[in-house]
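Colleague: Read off the chains here:
There are 2 protein chains.
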Amino acid sequence: MKSRRIVIVGGVAGGASAAARIRRLDEHARIVVFERGPHVSFANCGLPYYVGGEITQREELLLHTPQSLWDRFRIEVRVRTEVMAIDRSAQTVRVRDLTTGEEGSEGYDALILAPGAVPVRPPLPGLDRPGHFFVRNVPDVEAIRDWIEQHRARRAVVVGGGYIGLEMTEQLHRRGLEVALVEALPQVMAPLDPEMAGWLHRELRSQGVHLHLGDPVTALEPPAESESAAASVVRLRSGFRLPADVVILALGVRPEVTLARHAGLALGELGGIRVDDYLRTSDPHIWAVGDAIEVRDRVTGQWTLLPLAGPANRQGRVAANNVCGRPTRYEGSWGTAILRLFGLTAACTGANEKTLRRLGLPFEAVHLHPGSHAGYYPGAQPIAMKILFDPESGRLWGAQAVGRDGVDKRIDVLATALQAGLTVDDLADLELAYAPPFGSAKDPVNLAGMAAQNVRQGLVRLAQWHEVERLDPARTLLLDVRSAEERRQGAIPGSVHIPLPQLRDRLQELPRDREIIVACASGQRSYFACRVLEQHGFRVRNLTGSYRTWSAARETPGAAAGPSGGMA
Amino acid sequence: MKSRRIVIVGGVAGGASAAARIRRLDEHARIVVFERGPHVSFANCGLPYYVGGEITQREELLLHTPQSLWDRFRIEVRVRTEVMAIDRSAQTVRVRDLTTGEEGSEGYDALILAPGAVPVRPPLPGLDRPGHFFVRNVPDVEAIRDWIEQHRARRAVVVGGGYIGLEMTEQLHRRGLEVALVEALPQVMAPLDPEMAGWLHRELRSQGVHLHLGDPVTALEPPAESESAAASVVRLRSGFRLPADVVILALGVRPEVTLARHAGLALGELGGIRVDDYLRTSDPHIWAVGDAIEVRDRVTGQWTLLPLAGPANRQGRVAANNVCGRPTRYEGSWGTAILRLFGLTAACTGANEKTLRRLGLPFEAVHLHPGSHAGYYPGAQPIAMKILFDPESGRLWGAQAVGRDGVDKRIDVLATALQAGLTVDDLADLELAYAPPFGSAKDPVNLAGMAAQNVRQGLVRLAQWHEVERLDPARTLLLDVRSAEERRQGAIPGSVHIPLPQLRDRLQELPRDREIIVACASGQRSYFACRVLEQHGFRVRNLTGSYRTWSAARETPGAAAGPSGGMA
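Line order of the protein sequences matches chains A and B. The first sequence runs 1 to 568 under full-length UniProt numbering. The second sequence runs 1 to 568 under full-length UniProt numbering.
Keep in mind that the hints were calculated from the coordinates and are not lab data. All figures in this text were calculated on a predicted structure; none of them were measured in a lab. Yeah, the Cβ is synthetic: ideal placement off N, Cα and C, and Gly gets one too. You may find that some hints are simply not true.
Stated by the list, open to error - If you want a taste of the chain B side facing chain A, the calculated C-beta under 8 Å gives, among others:
1. 36
2. 235
3. 334
4. 420
5. 432
Unchecked claim - Covered stretches of chain A, going by a simulated chain B footprint (3 or more residues, C-beta under 8 Å):
6. 176–186
7. 495–507
Unchecked claim - Estimated spans, in silico, between C-beta atoms of each pair:
8. A:491 - B:84: 46 to 52 Å
9. B:421 - A:206: 42 to 48 Å
10. B:490 - A:151: 55 to 61 Å
11. A:485 - B:84: 39 to 45 Å
12. B:27 - A:554: 30 to 36 Å
13. A:491 - B:27: 25 to 31 Å
With the hints as constraints, model all of the structure from the sequences given.
Modeller: Here it is as C-alpha cells:
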C-alpha cells in the first residue's frame, strides 16, 4: 500500500499537535509541515515571560526543532517556508523557501491548515516607525528585548488590555520600565464583566501602572524636540500624550486566512475558516485547526473566534484522528481562560453577563468572596467569584474569579461542571478535596452552588452592585450589617448601619413600607440578615457580593451606570 | 403557631452546620445544641497544625463560641453537657452538665445526632501511662504541646499512618522532634494504592522520618533504666524498640454510637448509625450526620465509614433542610481526600485499585507523570497521577495524584468529573484554564484522558509496574527507550536499552517471537515507541508510568509482589 502524504501548514500549537498524533496513528505516512516562521512548535504563550526575564533562555521557548521532530516522529519540517497556494483539484500546495526564494510543490492526500492568526494592525498614523512592536513570535520578543537594552528604554506604552497586553504590562514592569496601559474599552480582559475587571484595574494601579481606560489611541506621533529620547508619543482620544521609549501593540489577533480565501475555502462571518464538526473545511481533503478557524461557543451555540492554545492543541488531535480515519467530533469551545497579573489571578469559563444580556438569555448572577482555604490556617486569601446560572433549570452559564490564590483550581472545577452540564445544586454537592492548606469544608465552589440554590429555592432575592447608584431612597433602604470597625474603613454612601448581632433587637428601626437591600462585606452576613428580616415580615433583597463587589466595580469607569449603561 | 424545638447532639462540623442552616430556614424555632466537650464548632482538621505551630493561637481553632452563635443565630449552645439518653416516645433527651453534675431534660420536635467519632484505642499493654496522646479535640493538642514543652521531648513515635498520623508526623518534625512513624500495613494513607503511597514513603524517608511499615505495635513498655528520659518504649512485632518522649496514637476513629445504640436506633454492619437517603435514622423524628453515620460509597454502592469534614458539613445542611420540611437527599460520598506531607501533596477521589479488585469490577489503570504547568515556564513539578476507569464504558472509577504542585487542582477536577459521570473521552476534551504559570495546553487531566482513550481505542495495551518483577525473559523483553544519560541515573534491571530516536533504525535488534514491554521515564515516549513497534509488526505493551512509577512502588515493602501478593 502506498503511504499517505499529509501536508500541514503551520507548525505551532495545532499543527505540531496534529503532526505528532498522525505519526502515532500512521507510522508509514509521509508527514510534511511547512512553517513560515523560523521556529516550529514554539511556546507562543511564553513570549511575554521571555521579555520580562522570567524565562531566561530563548531555547526554553523552542519546544522542538525540525531535527527533534524528525528524530522522534519522522516528521519533515520546513521552516521559513511559506505555502503560497493550494491547487485543490490537483491536491498540491505550492511552496516558497523564504530564505532562497526557491519554489516547489508538494502533493497531499490530506491537508491540514494551521496557519494561526496575525496581530490586528490598527490604522494609526505613525504605526510603522521603529520602536513599535507586536508580540506574536520569538523574533518579535527578541527584537523587543534588544530594543529595550539598546535604547535603555524606561517608559513603555502597551496598547490593548487583552491577555497579551496585560502580560506584557506585567513583564515590562518587572523589567523596571514605567508602563502605561491604554485600552479603548472601559475595562481590560473583555471576557470578564466590568465589576470583576475592577479587581485588575485596582491591581494595575496599585503596582503603579498608568491605566488609561475607555481612551483609544488616535496616533503614534514623533516625539517633540524636548521628548527626543522617546521612540513615539502615544496620543489618546482624551488628549493625553504618553511619551514612550517602546510601544507594544496588543490589539488582538485576526485569523490568518489568506491562503484559505485564495483557495476558495468557505469562511465564516467573523472572518475565520469555516469547518464542520470534524474540523473539515468546505474541501473534503482539507481540515483546519487553531486560531484561524471559527468554532462554536458551546454555551451560546454561536460561532466565535477563540485564539487559545488549549483548544488549538485539542483540535490538532481531533483533526489527526479524522485524517487517519478515526472520526472524532470537535463540538466547540467553552472559552475557559486565565491570566496572571502581578499578584492576582483572573480566570473565567463559559458565558459572561454581557453576553447573556446581549442574547437575552435568562440568568441570575451570584457574587461571593470566600477564602482560598480554611480561614483558621495561615495565608488564606479571598477569591472574588461570580457565577451565572439559568434560574429555571439551575444550569450553569459561566463563572469568573479573581484573587491571589486558588483561582485556577476553582475555575477549572467550574469549567468541568459547565462542560458536564451540572446545575448549581450539583455544585453545592461536589465533594472536593479538603485539608486546611487547600480548601474549606465548604469549598468556594460549594458555597457558590449553595448561594445560587438559596436563590432558586426562594430563600433570598438578590440585588446587584449596579443597582446601588440608582436607588430611590423613598422606596429603598440600604442596610449595612457589618461591624462598626469594618464600616469605618469604608461604606456605601447612604447606607444605614445595624450590626448583625444587634439586628433582632432593633427591628423597630426598620421601615415596613420600603424595600430593604442588605449589604455586608461579602454578602454572607447580609444573607443571614435577609433571612431574619424576611421571616419578620420585611421586604428584603441581599446585595450579592456586597461591599467588596460594589467597591471593585468602582475601579471600572462608567460601570456604576450598570449593564444598560453601555458596558457591553 | 408554637415554635418548633430542635435539639442537636454535637456542636462541631455536622452539628454546627445543621444548627446554622436551621436558623436560616426557621427564624422562630428553638435550637439547642449539646456539646460534650468544652468547645463548640472548633477546627477539627486544624489540630495537628496547632501542635506544629503553624497555627499559633488556640483561639484560631475556635470558629465560634456559644456567645457568637447566640449573637448571630440565636442558637443555644451548652458545652460540657452530655446527652445521656433519648426517650424516643416522649421525644426528650436527658442531659448532664459535666461541670456541675446536674441533670435535666429537653424536649424536641426534631433531634439531630452529630456525636462524631472516637479514636480507636488499641488493646496494647501500657496504653494508659502518661505521655501517650490521641488527637481529637483542642484539649488533646494543648496537652501534647504542654507535654512536649514540659518534658523537653526530643523523640516522638506516631502510631498510625492515616491522615492524622501523617499530619502529626510532619508537625512534630516541624517542631524539631525526631519522629518515627509506625504503621501495621505496608503503606501509609490507605486510600492510595501501594505504588502511589511509595511517593509518601520516599518523602518521609528523605525528611529523616524513621518509617516502620508493615510492623504493628505490640506494646508500649516502660523505659529501661538507661532510657529513663523516655515516656515509653514502643515495641514493634519485628522486635524493634523505639524509645519515645511522646507517643501519638492515630489508629483511626470509630463512630460514636453509644447514645444511638442505647436508644435502639438501627446501626449498620460497620458500626455506624444507619440513615436513609434523607439522613433520617430508624426513628422518624431523629436524623444523624457526620462521622457517626454510615454512608453509601457513590462509586461502589457499598456502605462505608468516611469520617471527613466536607461530607459532615454538607450532611448538616441536608439534615437541616429535611428537618425544616424541605426534602433533600444525601446520595452518599465519593471519598475525595487530600493530605499535605512536607513538600508533597497526595490526594484521591473515588475507588482505588485495591477496592476494584476486591469487588471484582472491571478496570484499567493509567499512570502518568505530567508537569504541574508548562515545562518552559520555571518551577514546573511532575505530578504522579493514576486514573482508574471502566474499559467498557470509559467511565471513571477513581483517581489518585501525588506531587509538589497542582495536585489539589487536578483531583478536584477529577472529583467533579467522577461525580458528573464523565468518561475518559470527556477528560480528554475538558477545556481547562491554561496560561504558563498554571497549566499546559494539554492539562494533566487532559493527558490522563488521552492516555486512557488510547487504551480504549486499541492504540496501546498496558503493562503495570507490578508485572515487572515477574517477567519471564524467555517470553518477554523489557525495552528502555530513554536517553543514555537518564539510564545512567537508574534503570529497571534486565531492561534492554535503545533510545527512542534510534528505534526505527534498530528494529532488527528486537525479537519478534517475544512480547516487548516498553518503558521510558514516565510512559509517554514508551507509548510513542509502542506505536512505532506495533506498526512494524511487534507485539508490545507500554509500561504505564514507566520508571517513575516502578521506582516509587519499590518504596512500599512487598508491593513488587503485586496486588495479588496481599497488598489489600
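Colleague: Now tell me if each hint is right for this structure.
Modeller: Okay, the hints, checked on the actual structure:
| no. | hint | verdict |
| --- | --- | --- |
| 1 | 36 | 21 Å, violated |
| 2 | 235 | 32 Å, violated |
| 3 | 334 | 4 Å, holds |
| 4 | 420 | 3 Å, holds |
| 5 | 432 | 5 Å, holds |
| 6 | 176–186 | violated (count 0) |
| 7 | 495–507 | holds (count 3) |
| 8 | A:491 - B:84: 46 to 52 Å | 49 Å, holds |
| 9 | B:421 - A:206: 42 to 48 Å | 44 Å, holds |
| 10 | B:490 - A:151: 55 to 61 Å | 50 Å, violated |
| 11 | A:485 - B:84: 39 to 45 Å | 43 Å, holds |
| 12 | B:27 - A:554: 30 to 36 Å | 34 Å, holds |
| 13 | A:491 - B:27: 25 to 31 Å | 26 Å, holds |
Hints 1, 2, 6, 10 from the list above are not met by this structure, while the remaining hints are.
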